[in-house]
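Model the full structure from these sequences, guided by the hints.
For reference, the chains in residue letters:
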Amino acid sequence: DVKVTQSSRYLVKRTGEKVFLECVQDMDHENMFWYRQDPGLGLRLIYFSYDVKMKEKGDIPEGYSVSREKKERFSLILESASTNQTSMYLCASSLWQGSGQPQHFGDGTRLSIL
Amino acid sequence: QKEVEQNSGPLSVPEGAIASLNCTYSDRVSQSFFWYRQYSGKSPELIMSIYSNGDKEDGRFTAQLNKASQYVSLLIRDSQPSDSATYLCAQTANNDMRFGAGTRLTVKP
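These protein sequence lines map, in sequence, to chains A and B.
The first sequence begins at 1 in the working numbering and counts up one residue at a time.
The second sequence begins at 1 in the working numbering and counts up one residue at a time.
Worth flagging that the hints you see were computed from the coordinates, not collected in a lab.
None of the values given here were measured: they were computed from a predicted structure.
Note that beta-carbon positions come from the ideal geometry of N, C-alpha and C, so glycine has one too.
Treat each hint with caution, since some may be false.
To be verified - Quick look at which bits of chain B chain A covers, simulated, 3 or more residues with Cβ under 8 angstroms:
id, region
1, 26-35
2, 46-59
3, 97-106
Quick look at the structure:
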């Protein structure tokens with residue numbers, strides 16, 4: 001089975017802090033994704049990566065950055081956390097997207113910014 | 001913007017009934033379709049994938065795809081209270097995956 005592991009299930013941070021969310025997958029997947037999920041808004045793509053050191057902006061990249069130094073690890077960074085970034089953050093991975101492969105999700109990180 | 005549309009529900013069915021969940025999409029290039037189940041407070045879990053027109057059955061679940069009419073559906077037979085969750089429809093075209101907002105299903109004992 002595919003295993004996508006997110007470093008924290010719950011996280012509480014303060015406004016202005018730099019926040020790191022970590023994600024690791026163990027299936028040698030090329031693609032990795034970061035989403036946020038808010039009630040009534042569904043899943044929204046923040047950033048994705050098709051390869052090491054490669055990143056692409058999703059639908060809502062503002063206020064976020066990402067890092068992919070190794071194939072198995074994809075980090076989401078909130079440069080200066082704000083209260084409107086309080087949300088559920090979901091990491092996903094998949095084989096090369098062009099082949100129509102599904103995404104597999106981690107357990108999610110519920111982030112609260114105070 | 002390519003859209004994936006789902007009725008947000010809630011959809012309520014009695015235990016043992018058939019639950020029917022529907023999804024329409026606007027991108028005619030869409031190649032692959034997936035259904036995810038998401039329990040409250042949990043992450044989405046893949047339950048079905050379908051790539052060609054017609055029906056695909058897996059246990060109590062049947063996915064139906066009609067590319068000409070641009071819809072995909074999920075039928076859950078003999079619904080159980082444990083099926084109560086939000087069901088997300090997703091479609092891929094080339095290097096893009098789009099999710100619907102989800103339909104909340106409640107199965108009443």
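If you check each hint against the structure, which ones fail? Going through the list in order, the structure violates no hint and respects every one.
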